[in-house]
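Line order of the protein sequences matches chains A and B. Each residue of the first sequence is one higher than the one before, starting from 885 at the first, in the numbering used here. Each residue of the second sequence is one higher than the one before, starting from 9 at the first, in the numbering used here.
Derived by calculation from the structure, the hints in this document are not laboratory data. Worth double-checking, as some hints may not be accurate.
Label pairs and their in silico Cβ distance ranges [said to hold, decoys possible]:
no.	chain 1	residue 1	chain 2	residue 2	range
1	B	R58	A	V981	52 to 60 Å
2	A	I943	B	V74	50 to 58 Å
3	A	M1084	B	R52	50 to 58 Å
4	B	H70	A	G946	45 to 53 Å
5	A	M1084	B	E48	28 to 36 Å
6	A	G946	B	K62	37 to 45 Å
7	A	V931	B	K62	24 to 32 Å
8	A	R926	B	K62	34 to 42 Å
9	B	R52	A	I943	50 to 58 Å
10	B	E48	A	L1078	38 to 46 Å
11	A	P932	B	L77	42 to 50 Å
Over the 12 Å line for every Cβ pair with chain B, so calculated as not near, a few chain A residues [unchecked claim]:
no.	residue
12	I923
13	T968
14	P983
15	T1012
16	S1013
17	R1014
18	Y1019
19	I1029
20	N1034
21	I1035
22	E1038
23	F1069
24	D1076
Going by beta-carbon spacing under 10 Å, a handful of chain B positions derived as facing chain A [unchecked claim]:
no.	residue
25	W13
26	N22
27	F23
28	L28
29	L29
30	L30
31	R31
32	R32
33	R36
34	G41
35	R45
36	A217
Beta carbons are placed, not taken as given, at the ideal position from N, Cα and C, and that holds for glycine.
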Amino acid sequence: MNLSPDQTIIFEAWGIPVNATIFYTWVVMALLTVTSHLITRRLRADVPPSRWRTTLEVIVQGIQGQIEEVAQGPTRYLLYYAGTLFLFVAMSNLLLVVPGFEPPTASLSTTTALALSVLVAVPLFGITSRGIGGYLKTYLEPSFIMLPFNIIAEFSRGISLAIRLYGNIMSGAVIAAILLSVAPFFFPVVMDVLGLLTGMIQAYIFAILATVYISSATASPDTSQPEKETP
Amino acid sequence: MSIDWITVAAQIANFLVLVLLLRRFLYRPILDGIDAREAEITNRMQEAVRAREKAQAAEQEHLDQVRALHAQQADIAETVRKQAEAQRDALLAETHKRLEQERIDWLAHLDEEKHKYAARLQRAGGGALLSLTRKALKDLADDTLEGRIAQHLARRIKPMAGDLRDAAGKGTEAVITSREALPEAARTDLLRSLHEVFPAVSVRFDTNAEQSPGLLLRIGGAQLDWTVDGYIDSLGDVMDAQLTAGVDLKGART
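One chain only, chain A, in its complex shape (with noise of 0.2 Å):
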């Protein structure tokens, strides 16, 4: 049994393997880049918008509205940001209930990647909002003391995010499959909508902790929020 996905070769492409993570990532784009791009190709302002777009449209400004509340300022630039980790984590973990799909947010090369991003997106929104000065000036806020804790503390957070999300779904995924040779007709199915449930509220974690990191990265110093309380 593989517990992560990066090990299942799906096929190669000029002697380079492609494994189910990297492929499933592109069924994932692919199924969202094609379905906006279906939806939002014939937009015009004097029609009324049809229902999928209203669709698209409630979910765009359901997360630029969360942004909202924990950013402060232009909030665009992070709205194609997080919003993209919300759609991807959480299209990707919708996606479990397919048969045969592996979530690429079970590999923990995914939620590394992931949290990676997130790790180097909070000093480039930082710094692309305060200056390279000012942002590195919160390294050594309330004192040039706390540097190696506020350095520490950057990376941990990565890490957290990375662990947080692979744990969370390798698990579910992990325990539908064990449970899914013990009682094939019942405890998949319940493992199945808690995974959907699970999915959905880690992706909303994973991308409201990456706004909240990368708002208090942004937020000038009298205007920054408390970090919320991981769950």
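Dock chain B against the given chain A, drawing on the hints supplied.
Relative to the frame of chain A, chain B by itself:
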């Protein structure tokens, strides 16, 4: 549990590509569409506000025009009323004037008719009186009115001789005009009396049917009327008085 760093790198790249793709095909179209729709709604609301303001202005203008029309209507009604009153007064005045004129004309016509009637009555009465007088003289005294008048005039010429001479001047002919031819005896009496006063004057007798009964003597510039005109006129005065009294009585009754 292991981390495949190649997969990690690939996933980071995949995620960045997904960010770009979703920005291109999801976020921008959706957010731009929302912004465009909000702008469209804002424009339409502003247009609605402008349309409402325009409608309110038009309504206010309409109300002003209605008020002005009402005021104008009241003025016109007042003017028309005054004109109608003036026209009514003028028509009434004209009618009163016409009625007054008709009344005056009617009274004049009535007066004229009264005079005509009185004249006719006077003539008829005079004629009847004269006829009765002639008949009475003829029946009772076997004499004529003109003959008796001539005899009486013949007796009166002498007392008036002085005045006649003064008035006659140097007249050489005397003309005696009567309505009917005078009896011979009366002519003789008149000739004798005139020759006693005017010996050099020739006398000529003439008749005039239009003349009132009696004699008319003309000598030069002198003229002596010896007729019943005065009595007939007195009869006319009596008749006028009676007619007037009758009219007054009628008016008093009405």
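For each hint, the structure was consulted:
no.	hint	in the structure
1	B:R58 to A:V981: 52 to 60 Å	holds (54 Å)
2	A:I943 to B:V74: 50 to 58 Å	holds (56 Å)
3	A:M1084 to B:R52: 50 to 58 Å	violated (37 Å)
4	B:H70 to A:G946: 45 to 53 Å	holds (49 Å)
5	A:M1084 to B:E48: 28 to 36 Å	holds (34 Å)
6	A:G946 to B:K62: 37 to 45 Å	holds (40 Å)
7	A:V931 to B:K62: 24 to 32 Å	holds (27 Å)
8	A:R926 to B:K62: 34 to 42 Å	holds (35 Å)
9	B:R52 to A:I943: 50 to 58 Å	violated (26 Å)
10	B:E48 to A:L1078: 38 to 46 Å	holds (44 Å)
11	A:P932 to B:L77: 42 to 50 Å	holds (45 Å)
12	I923	violated (8 Å)
13	T968	violated (5 Å)
14	P983	holds (23 Å)
15	T1012	holds (15 Å)
16	S1013	holds (18 Å)
17	R1014	holds (22 Å)
18	Y1019	holds (21 Å)
19	I1029	holds (33 Å)
20	N1034	holds (24 Å)
21	I1035	holds (21 Å)
22	E1038	holds (18 Å)
23	F1069	holds (30 Å)
24	D1076	holds (23 Å)
25	W13	holds (8 Å)
26	N22	holds (5 Å)
27	F23	holds (6 Å)
28	L28	holds (9 Å)
29	L29	holds (5 Å)
30	L30	holds (5 Å)
31	R31	holds (5 Å)
32	R32	holds (8 Å)
33	R36	holds (9 Å)
34	G41	holds (4 Å)
35	R45	holds (5 Å)
36	A217	violated (124 Å)
Hints 3, 9, 12, 13 and 36 from the earlier list are contradicted by this structure; the remaining hints agree with it.
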